[in-house]
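*Asks:* Residue strings, one per chain:
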Amino acid sequence: MPQISQLAATWASQFFWLALTFGIVFFVVGRGMLPMVQKTIDSRDRSVAADLAAASSARDAADKAEEAWRLRDQANREAAQTLVAEARQRATAASAATLATAQAEQAQRVAAAEVDIKAATARVLGEIEAVAAEATQDIVSRVSGAQVSVDEARSAVQAAMANG
Amino acid sequence: MAEGGGKIDPMHQFLVEPLFGTQNWSIAGYNIAFTNSAMWMVVATIVLIGFMSLGTKGSVIPSRGQVMVEGAVRFIDNMLAQNIGPEGKRYVPYVFSLFMFILFANVLGLLPLGVVGVHPFTFTSHFTITGVLAILSFAIVLVVGFWRHGLHFFSLFVPHGTPWWLLPVIPLIEFVSFMVRPFSLGLRLFVAMTAGHILLKVLAGFVVNAGNAGLGVGLLVGIPSFGLMVGISALELLVAGIQAYVFALLTSLYLNDAVNLH
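Residue numbers (the working numbering), protein chains in the order written: chain A, 1 to 164; chain B, 165 to 426.
Because the hints were derived from the structure by calculation, they are not lab data.
A hint or two may mislead.
[As the list claims (entries may be wrong)] List time: in silico DSSO-like cross-link candidates among lysine-lysine, alpha-carbon distance up to 27 Å:
#	chain 1	residue 1	chain 2	residue 2
1	B	253	B	221
2	B	221	A	39
3	B	365	A	39
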């Protein structure tokens with residue numbers, strides 16, 4: 001086993017070169033290059049953590065904005081609904097008022113028209129009486145030759161008309 | 165590999181050989197020859213630095229290489245954060261260096277570079293290396309422990325809730341288990357690497373020798389052995405990662421003992 005048989009002859013050389021190379025490794029790699037790598041790792045970890053924090057705060061802000069928007073939206077909707085209800089009420093009231101005035105006017109007009117109709121009917125009836133009385137006078141004189149006064153004829157016509 | 169008339173020596177791969185005629189280099193009487201082991205340490209260092217350079221651009225959107233580097237860094241970072249807590253940040257450079265150095269050494273030693281004539285050498289299969297790394301970790305644990313807690317660090321040997329009548333025994337057991345730590349740390353890696361490599365070499369020897377023994381034997385023995393080698397190579401890659409992880413994990417657990425005393 002060379003590790004044992006050569007021990008006495010080679011240990012000093014082994015030790016020397018190990019001390020040299022491991023020393024170089026420790027100072028160049030462990031002390032020189034390792035901190036640079038660690039710095040990179042740390043800075044990346046930090047920036048990743050910062051990015052994550054920024055993202056999460058942005059998400060929180062977005063959530064808050066959405067919540068606020070939802071509240072505002074709801075408020076707007078309610079306001080709109082009140083507005084619509086008010087408008088509907090106003091419209092109903094207005095149409096009711098218009099309807100009422102219209103009905104009143106109509107009723108008035110109907111009443112006036114009825115009065116007119118009554119007057120016209122009376123007038124027409126009067127005229128019919130006169131014509132009928134004249135006709136009666138004429139008919140009587142033609143048929144019987146007797147002269148009937150206007151008043152007599154008229155009362156006879158009136159009596160006949162009253163009976164239907 | 166094949167030496168002495170078809171005999172295959174599975175231990176040959178662990179031989180440390182000086183390269184480029186440097187066998188006489190020395191400092192203060194100690195030989196510091198630039199060996200194949202040292203060469204693979206240098207290779208591991210260079211490859212590791214090259215790998216890490218993929219991750220130092222610092223772009224916010226990482227490239228594929230940067231993702232790999234950052235994954236490794238995060239892995240060790242999380243391990244220390246979980247095992248030690250916020251204090252663990254301070255030990256990331258050491259544990260990360262340890263983990264990556266062992267991982268790259270293990271994986272580089274497994275590469276089939278023999279195909280192109282380069283002989284890979286797994287220096288973590290030598291307990292000279294793993295022992296030094298283990299003692300280094302253990303020493304750091306001791307220094308941190310005594311630095312932070314002073315002599316109070318010795319209360320590590322008296323776990324919480326120890327009944328008074330066990331006091332003569334428990335500290336002794338705890339002390340032994342504490343002192344065994346560097347050995348378990350170093351030997352585990354050494355044994356895992358050595359065993360896997362020997363197994364692969366023995367199976368490779370089967371394939372070669374069966375091939376030399378003729379077509380029938382070659383197919384009968386060679387093909388199953390080769391199939392087994394493929395499977396074990398995959399397993400060895402897993403072991404390479406796991407052993408590096410275990411080394412780093414145990415180091416961080418021991419550091420936790422030292423930092424958060426009870």
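*Asks:* Now tell me, hint by hint, if it's right for this structure.
*Replies:* Going down the list of hints, with the structure as the test:
{"no.": "1", "hint": "253/B <-> 221/B", "in the structure": "holds (22 Å)"}
{"no.": "2", "hint": "221/B <-> 39/A", "in the structure": "holds (11 Å)"}
{"no.": "3", "hint": "365/B <-> 39/A", "in the structure": "violated (44 Å)"}
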